[in-house]
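Going down the list, the sequences are from chains A and B.
Note that the working numbering has the first sequence beginning at 37, numbered continuously upward.
Note that the working numbering has the second sequence beginning at 14, numbered continuously upward.
Treat the hints with caution; some may be incorrect.
[Stated by the list, open to error] Quick list of simulated restraints, FRET-style, between CB atoms:
no.	chain 1	residue 1	chain 2	residue 2	range
1	A	44	B	439	19 to 27 Å
2	B	391	A	425	30 to 38 Å
3	A	44	B	159	19 to 27 Å
4	A	88	B	159	28 to 36 Å
5	B	232	A	120	31 to 39 Å
6	B	123	A	426	38 to 46 Å
7	B	317	A	50	52 to 60 Å
8	B	229	A	425	51 to 59 Å
Quick caveat, the hints were computed from the structure, so don't treat them as lab data.
We put the CB at the ideal spot given by N, CA and C, even for glycine.
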Amino acid sequence: MKKIIEILTIICFVAALAAVPIKTFSQPAAERLFYENRRAQPIPQPNVRNLLDGSFQSSLEKGFSDNFVFRDSILAFHTYIDKYILRKKVINDVIWTEDESPLLPRISSAPADIEEIKSKAERMSARMSRIRDITAENGGEFYFVGIPEQYSYFRSKYPDYVFNNDDFLSQQEDILFRILSEKGINYIDMNEEFDKAGRADSFYSFVDHHFTLKGAYETCKCLTEKILSETDKTPAPLSETDFEYKEVPNPYYGSRNRKLMGVYESKEHLFVPEFKERVPFLRTDNNEVRDSVIYNYFMDETAPITYETYMGGDIAETKIETHREELPDLLMFGDSFTNPMEMLLYTSFDESHFLDFRYYDEKSLSEYIKEYKPDIVVMVRDDTRYLDFTGNGKLL
Amino acid sequence: MVFSSLSFIFVFLPAALVFYYIFGALRLRKLSNAALLALSLIFYACSTPKYIVLLLISIFINHISGLLCGAQKTHKKLFLFIGIALDLGLLFYFKYANFFFDNLSLIFGIGSGIAQIALPIGISFFTFQGISYVADVYRGVVKPQKNILNTALYISLFPQLIAGPIVRYSDIETGISDRQESLSLVFDGIIRFCTGLGKKVIIADCAGLVADRIFGLDKSLLSVSLAWLGVGAYTLQIYFDFSGYSDMAIGLGKLFGFHFPENFNYPYISKSISEFWRRWHMTLSAWFRDYVYIPLGGNRCSVKRHIFNMAVVWLLTGLWHGASWSFVVWGGYFALILICEKYVYGGLLEKLPSVIRHIYALILIMVGWSIFCGDSLRFTSELLKTMFFMADKPLINSETLYYITEYKAELILGVVCCLPLTEILERKFMKGRRANTLITLGKAVFGLSVFALSVCFILSSSFSPFIYFRF
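Only chain A is shown next, with the shape it has when bound in the complex:
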């Protein structure tokens, strides 16, 4: 009997050692890893160069791992163990407490450095002043719209013992907006505005780091009202009576629940605006005319969708022309928070230009303003990026 057990064990072990590489090497190479939202590393071919410089071994480990047979299922199993066996609340760096609570990211604990915040806020506001001046020289008005990121918005919902970066976020908000105010830069602090609007949970996604369409609408409404009340520019007022929130039936994978490998069952869906009276427009992306749509359509209602549904995701330059010359022209730039705002804001302007400087590199912001001469320039940043001088924070 002992012998039989030994033989069976050896067979099982050897079978695993044989089956995994055979299956892994014989299956088609993975191109993308959906849950990790990245390109899969291919299994490398050995050659003299990569063998001698040692890179073959490290590439093989990454490639083999990314193409490992049943990779997603195994990772889902590990996530399941973490959640239901080990009862962890932080899984794959996502804080998953109760199903009815938002999924939040784990933030590395670090004390807020007030001096550093002040110094960076001074530098950032100096750059904004310069853009404000360039905008004014070209006949326009500059606005900074500061938006809380999802974890910042829901930071009171973190478990007591988990670091939520509250000190840094609060200090940063106080210091930056105080300096902007001192320098006379137009700004909207959406953290305050959301408070005034009742700080509803529905403004933000529970499974993604962005706000929802409702949150985006609230932001656009504040922006257009502020422009109307403070300037002679007259964008068409935005009202919730102009459109309906249409639920997209497809399963929605946000940046948070996506990391939970499908173990988290999300009931959240994306909403898109269904305008009662459609404003006709011409859309150009990166100088190429494309369909006049503001969100992706899906024929298959079971296909998973992401935030990229809005405006088709992050695009270097999008131009929307509504051919209503009585309305002002808009230039808005920012990260993906701008995408749902773009779906709404174009209805208030004649011509809208939306830039994402993480991808756009044809002209600098100042060159763009000088050439296009927009009536309104809007800079949109979320509060995890207020003091970030890269991408859309580069400015000059």
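Once you have looked at the hints, place chain B on chain A.
Here is chain B on its own, set in the frame of chain A:
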């Protein structure tokens, strides 16, 4: 290439087993040895291709030194000296030259222009194996190996090449030419390998994550309990990492018919530091005992000389672990405790209740790891101050609660696995032939389950969402 990588487990190992057992099945021992040697060199080349030359030089030096020490009667001491000097010369150049010249530059302002030298993987292990071989030939403990391929196989045998255990030539001398692979041995090898893999990836890596994150925190976020938790996690990490790797090496050795010496024997159940060092990295302790401590005179000398011998051995043990002052201090720390246990309070310690002795040993071991784990003595000093209420830190904070809440299962598992529970259970309840079958079945189920779980953990550690998840 490490044993806990997917490419080792699912690419190198299956290929090695097929390659090796083709010749094994044909009963061609010389060819199967040649296959094993080729695999070992490939294994080393996979990690650091350019240093394969260094390994070959080391093999050549030790083979020739062994031959000369064995053949000559008149000048064998000279050949021993030359062989060991060359071995240590290579070790010094590749492992200690940076440290030496950095300190020279710091103290005398010279030698600062020396280019940084990369550390070849496993050099401490294969150098010590080479020295032990030459010394054993010199002392007549073993006969010199005439076939350089066999010497090469002994020094470079891949299961023990890069992280031990430090195998003596006498341990595998007969195995090289005349070993018996058997089903039982392969079964034991598989279970041992899987157990080691589980220790490494399920416990050590998780404990390491906790330790790294705690040690990486800003000092202002540390609390007394958090510092202890960090050192505790590191204590688990270093044991399960190293003993897991030794288990994998011993298991792999068995898969190829070799019997390697044990390296760990539940060190954290020790009741004194002397006992701890009889249970921790046993092959290294035995090496220093046989090749440094006893040649210096051991304990058969005056008290002063004995203390000197102990100090030398422990300072060298510290330096062996790495070229930095932290390791020297760590070695000195243990030298001091061992001398005190021997000459100051050893007798008193033995009269204390077992619980107190366990606590005594554990606290000193953890303090030792707090010296070992830091990049600098400054880090250690700050950590120790926090641990012993000398840094004006709170007893507990939310960070402590976070790590305890999130990692309690792994940490408890680690603590439980430090205890010899399986041995106790086997001794108490498992007697007779039927029990033997049950034990085998239990081992099989346990080993294969741990293997599956370990693969899951390894794969999970490669989970790497794109930065897009933030933006």
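Okay, the hints, checked on the actual structure:
no., hint, verdict
1, 44(A) - 439(B): 19 to 27 Å, "holds, 21 Å"
2, 391(B) - 425(A): 30 to 38 Å, "holds, 32 Å"
3, 44(A) - 159(B): 19 to 27 Å, "violated, 42 Å"
4, 88(A) - 159(B): 28 to 36 Å, "holds, 33 Å"
5, 232(B) - 120(A): 31 to 39 Å, "holds, 37 Å"
6, 123(B) - 426(A): 38 to 46 Å, "holds, 43 Å"
7, 317(B) - 50(A): 52 to 60 Å, "holds, 59 Å"
8, 229(B) - 425(A): 51 to 59 Å, "violated, 25 Å"
Consistency note: the structure conflicts with the earlier hints numbered 3, 8.
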